[in-house]
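**Q** Sequence:
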Amino acid sequence: MSHPPLNPISKARLLDSSGDIVGAIRGYEEALRQGQMTNGDIINLAFLYGLTWDFGFASANNVPNDVVRSTADGYSDFIRSVSDQFGSWGDLQFVQVYFPWAFLGLGEDTEIEAQMKSLLQTGQSLLPVLHLWSSERPAEHASERGALLASVEGESTSKADFVRSVLRA
Numbered sequence: 227m228s229h230p231p232l233n234p235i236s237k238a239r240l241l242d243s244s245g246d247i248v249g250a251i252r253g254y255e256e257a258l259r260q261g262q263m264t265n266g267d268i269i270n271l272a273f274l275y276g277l278t279w280d281f282g283f284a285s286a287n288n289v290p291n292d293v294v295r296s297t298a299d300g301y302s303d304f305i306r307s308v309s310d311q312f313g314s315w316g317d318l319q320f321v322q323v324y325f326p327w328a329f330l331g332l333g334e335d336t337e338i339e340a341q342m343k344s345l346l347q348t349g350q351s352l353l354p355v356l357h358l359w360s361s362e363r364p365a366e367h368a369s370e371r372g373a374l375l376a377s378v379e380g381e382s383t384s385k386a387d388f389v390r391s392v393l394r395a
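Counting from 227, one number per residue, gives the positions in the sequence shown under this note's numbering.
In case anyone wonders, no lab produced these hints; they're calculated from the structure. Hints should not be assumed to be uniformly reliable.
As the list claims (entries may be wrong) - Here are the simulated lysine to aspartate or glutamate pairs, DMTMM-like style, with alpha carbons at most 20 angstroms apart:
1. 343 / 310
2. 237 / 255
3. 237 / 256
4. 237 / 370
5. 237 / 280
6. 343 / 370
7. 237 / 337
Claimed, not checked - Taking CB as the label site, the calculated pair distances span:
8. 376 / 331: 30 to 40 angstroms
9. 315 / 340: 11 to 21 angstroms
10. 264 / 340: 22 to 32 angstroms
Even for Gly, the Cβ is constructed at its ideal location relative to N, Cα and C.
Make a model of the complete structure from these sequences and hints.
**A** Following this line, the structure appears as structure tokens:
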């Protein structure tokens with residue numbers, strides 16, 4: 227008995243969960259073109275884009291240099307297009323600032339720190355904890371850290387893996 231082919235978003239999620247980074251990126255991009263994305267899927271794609279800029283991640287996942295370049299070169303346009311189409315929300319504001327700062331060195335540290343604190347204080351996103359949480363000061367942002375970890379429990383996306391790797395350090 228054969229199964230019907232997966233739609234692009236289901237395929238992208240499956241590829242992301244299985245660690246096929248390039249396939250997941252292509253699948254999410256196709257789903258975006260077809261209007262099948264949720265806000266969560268958009269953030270998953272943004273995480274994949276940002277993570278490809280990390281040399282270790284890109285190497286470990288066999289991400290070709292042309293994919294790394296295209297994700298970096300098109301990131302601002304991606305954020306702008308998504309914001310125009312879906313509006314802006316806390317998690318999108320986080321990925322807009324965090325990945326260019328973390329992996330491309332764009333932005334001033336003090337400015338990024340202030341933006342992350344402000345975004346976390348609004349309650350619109352828990353993702354700024356990735357920047358603000360420190361294992362040297364475990365009590366600071368402990369409840370937000372726990373909530374963010376709980377939110378990715380059982381997920382096997384690259385985003386969830388990254389969240390766990392940073393917050394369980």
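**Q** Are the hints correct? Go through all of them and say.
**A** Verification of the hints:
Distance hint between residue 343 and residue 310 is unfulfilled; the C-alpha atoms sit about 25 angstroms from each other, more than 20 angstroms. At roughly 11 angstroms between alpha-carbon atoms, residue 237 and residue 255 fall within 20 angstroms of each other, so this suggested pair holds. A C-alpha spacing of about 10 angstroms is found between residue 237 and residue 256, which places the hinted pair at or below 20 angstroms, so the restraint holds. For the hint pairing residue 237 with residue 370, the CA-to-CA distance comes to about 31 angstroms; that exceeds 20 angstroms, so the pair is violated.
Under the criterion of a C-alpha separation no larger than 20 angstroms, the hint pairing residue 237 with residue 280 is inconsistent with the structure, at around 24 angstroms. Straight-line distance between C-alpha atoms of residue 343 and residue 370 comes to about 12 angstroms, which keeps the hinted pair within the 20 angstroms bound. Distance check on the hinted pair: residue 237 and residue 337 sit about 38 angstroms apart at the alpha-carbon level, beyond 20 angstroms; violated. For the pair residue 376 and residue 331, the beta carbons lie near 31 angstroms from each other, so the given range of 30 to 40 angstroms is met.
Between residue 315 and residue 340 the C-beta distance comes to about 19 angstroms, which sits within the given range of 11 to 21 angstroms. As the Cβ distance of residue 264 to residue 340 is approximately 29 angstroms, the hint placing it in 22 to 32 angstroms holds.
Hints 1, 4, 5 and 7 from the list above are not met by this structure, while the remaining hints are.
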